[in-house]
Amino acid sequence: MNLSLTAADRAAIVVSLELAAVTTLVLLVLGTPLAWWLARTRSRWRTPVEALTALPLVLPPTVLGFYLLVILGPRGPVGSLWEAMGGDRIVFSFPGLVIGSVLYSLPFVVQPLQNAFTGVGRRPLEVAATLRASPLDRFLSVAVPLARPGFLTATALAFAHTLGEFGVVLMVGGNIPGRTQVVSIAIYDHVEALEYGAAHTLAAVMLVFSFVVLLAMYALNRSFEAPRL
Amino acid sequence: MAGAVPTPPVEARLRLARSGFTLDVDLEIPGRGVTGLFGPSGAGKTTILRALAGIERMTDARVTVAGETWDDTATGRHVPPHRRRAGYVFQEPSLFPHLDVRRNIGYGHRRTPAGERRIDVEEAVEWLGVRPLLDRRPDGLSGGERQRVAIARALVTSPRLLLLDEPISALDRESRAAIIPYLERLPAHLSMPIVYVSHSLRDIARLADHLVWLVDGRVRESGDCAEIVARIGDRGGVPEEAGALVEATVSRHEPADHLTVLDGPWGPILVRRLARETGAPVRLQILASDVSLGARPEEDTSILNQFPMRVAALGETAPGEVRVELRGRAGDGPPLLATVMARSARHLGLREGVDVVARVKAVAVLE
Chain P
65 MNLSLTAADR
75 AAIVVSLELA
85 AVTTLVLLVL
95 GTPLAWWLAR
105 TRSRWRTPVE
115 ALTALPLVLP
125 PTVLGFYLLV
135 ILGPRGPVGS
145 LWEAMGGDRI
155 VFSFPGLVIG
165 SVLYSLPFVV
175 QPLQNAFTGV
185 GRRPLEVAAT
195 LRASPLDRFL
205 SVAVPLARPG
215 FLTATALAFA
225 HTLGEFGVVL
235 MVGGNIPGRT
245 QVVSIAIYDH
255 VEALEYGAAH
265 TLAAVMLVFS
275 FVVLLAMYAL
285 NRSFEAPRL
Chain Y
299 MAGAVPTPPV
309 EARLRLARSG
319 FTLDVDLEIP
329 GRGVTGLFGP
339 SGAGKTTILR
349 ALAGIERMTD
359 ARVTVAGETW
369 DDTATGRHVP
379 PHRRRAGYVF
389 QEPSLFPHLD
399 VRRNIGYGHR
409 RTPAGERRID
419 VEEAVEWLGV
429 RPLLDRRPDG
439 LSGGERQRVA
449 IARALVTSPR
459 LLLLDEPISA
469 LDRESRAAII
479 PYLERLPAHL
489 SMPIVYVSHS
499 LRDIARLADH
509 LVWLVDGRVR
519 ESGDCAEIVA
529 RIGDRGGVPE
539 EAGALVEATV
549 SRHEPADHLT
559 VLDGPWGPIL
569 VRRLARETGA
579 PVRLQILASD
589 VSLGARPEED
599 TSILNQFPMR
609 VAALGETAPG
619 EVRVELRGRA
629 GDGPPLLATV
639 MARSARHLGL
649 REGVDVVARV
659 KAVAVLE
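Protein sequences, first through last, are from chains P and Y.
Just remember that the working numbering sits 64 ahead of the position in the first sequence, which is counted from 1.
Just remember that the working numbering sits 298 ahead of the position in the second sequence, which is counted from 1.
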């Protein structure tokens, strides 16, 4: 059995890691204000937004991928507008993958963050307000530090979840080696081609890597545990 | 610290309409000293404090502090809490768990512009005795320690108004006893108005100069603390605490008999030996149940304190029981309350204007 990795395999690993990293970053930037709003608002829009955010949890990934393909494709509403403005084709490209991954992993970031922000409660923020902290100041100096475990969980989940994507990536990405071929699909291809050695190697590499990342995240989480009074 | 210009009073007209509860108050809080806000649970005391701090919106509000308008529903003005400079100490110690004591106290201080700082961290740490705690974390402190840190933290923002929401109610008896001396000494250091909320008449009696009695979202009475305390008594839901607050000064000591003679509003008052110097002010509480009445002074009695008084008012408080309000025969001075049986009141012919002698069995020195 041939256990070595081809260049294509190595490229797949790189694409997977890049995708996971970029997706996680984008989700932290977009997901934090969304989670904060959801944790604090009393608006009647909260329930539908919560449901929408949770949708990727229950939707079959291929369904999500399919709709993204349609919307972002050259004949879809977003894709055609984008390309008319001079943009590159979104589908079958890395940016397209990112969009798909962001939507797919959204609840994995928003939910832990929302729970963490809810857990902070109103009192520390009221106290900070009476101590002359502006709303943004209160958020950064009190809410974020107290929600730190939530941030670590969100980061770990987003990263791990994106690494494991298959359906969405296949639909939107097109499995182009070196550009949109991720490890999960590469493993599938190897199995289809009866190249079990390569499949073993790739799978083992990803398993070990994912586990180490998660281990590191949770160890960090423990050392940062904010004391609860 | 003490300004030459008298501070204008805090004016607050607040109205809040919620299902099941209405708050409708028009308050004038003196610009200096401690104003007690007393009332049963649910009366709206915390709501008032939160409205003053700006962390709760009212249906209708007009709040002026130190000449600045913080709230005016008519013009739509609402100064957000972080711009108000209202220090707030919450009922449950609410220290930031992710910061040690030093950084907790420093939190507000850092956000106070240098030009506005009147109280510095060192002073607050001294007054509240929290220096040994500076490097500790909140979760390692007792309730009383946390509250002292919380008070110091609120003070270093040099607030224009200090709000204390039942700061010792959530503490055990020992912690409460330990923290009260700090609270008593605090107003002397501060020049801003202090509002102290409590449902314990005893605590308020010790600390407040001015009192607002709140029931069901409305002000029942407000005025000088001693006057109001005498009137609250059993109507405030604390019949066993019905009594008079009296201010006196130490006149001299009689060490042989282990007594101290105080200069009181109706004459000398004898109490157990006090460790205070001559001329020191003392606040006393005389419970109505410890006062008995007679037509004339009695010589053959164990009771040390007898005062010539005159009946100002009386009324039945319970079946067969009468509460008598007494004033000095010159008509001045604080009221003294006595609880007597209706039969005794009849026997003595007690009516408004009748002269009696009040015999005080026990005088509690509040310290």
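Be a bit skeptical, because a hint or two may be false.
Said to hold, decoys possible - Derived CB-CB ranges, DEER-like: (1) Y/T320 x P/W109: 39 to 45 Å; (2) P/P97 x Y/L432: 31 to 37 Å; (3) P/A118 x Y/F319: 58 to 64 Å; (4) Y/R516 x P/P97: 39 to 45 Å; (5) P/P97 x Y/A364: 33 to 39 Å; (6) P/A118 x Y/G340: 53 to 59 Å; (7) Y/R400 x P/L284: 50 to 56 Å; (8) Y/D433 x P/A115: 55 to 61 Å; (9) P/L284 x Y/R500: 49 to 55 Å.
Think of the hints as simulated: they come from the structure by calculation, not from any bench.
C-beta: ideal position from N, C-alpha, C; glycine also.
Against the structure, the hints:
Between Y/T320 and P/W109, the C-beta spacing of about 30 Å breaks the proposed range 39 to 45 Å. The beta-carbon spacing between P/P97 and Y/L432, approximately 36 Å, falls within the hinted interval of 31 to 37 Å. As the Cβ distance of P/A118 to Y/F319 is approximately 36 Å, the hint placing it in 58 to 64 Å is violated. Between Y/R516 and P/P97 the beta carbon distance is about 42 Å. The supplied range of 39 to 45 Å therefore holds.
Between P/P97 and Y/A364, the C-beta spacing of about 36 Å keeps the proposed range 33 to 39 Å intact. As the Cβ distance of P/A118 to Y/G340 is approximately 39 Å, the hint placing it in 53 to 59 Å is violated. Against the hinted window of 50 to 56 Å, the Cβ-Cβ separation of Y/R400 and P/L284 comes to about 26 Å, which falls outside the hint. Checked against the given bound of 55 to 61 Å, the beta carbons of Y/D433 and P/A115, roughly 48 Å apart, lie outside it.
Checked against the hint of 49 to 55 Å, the pair P/L284 and Y/R500 passes, with Cβ atoms roughly 51 Å apart.
In terms of the numbered hints stated before, the structure departs from hints 1, 3, 6, 7 and 8, listed from lowest to highest.
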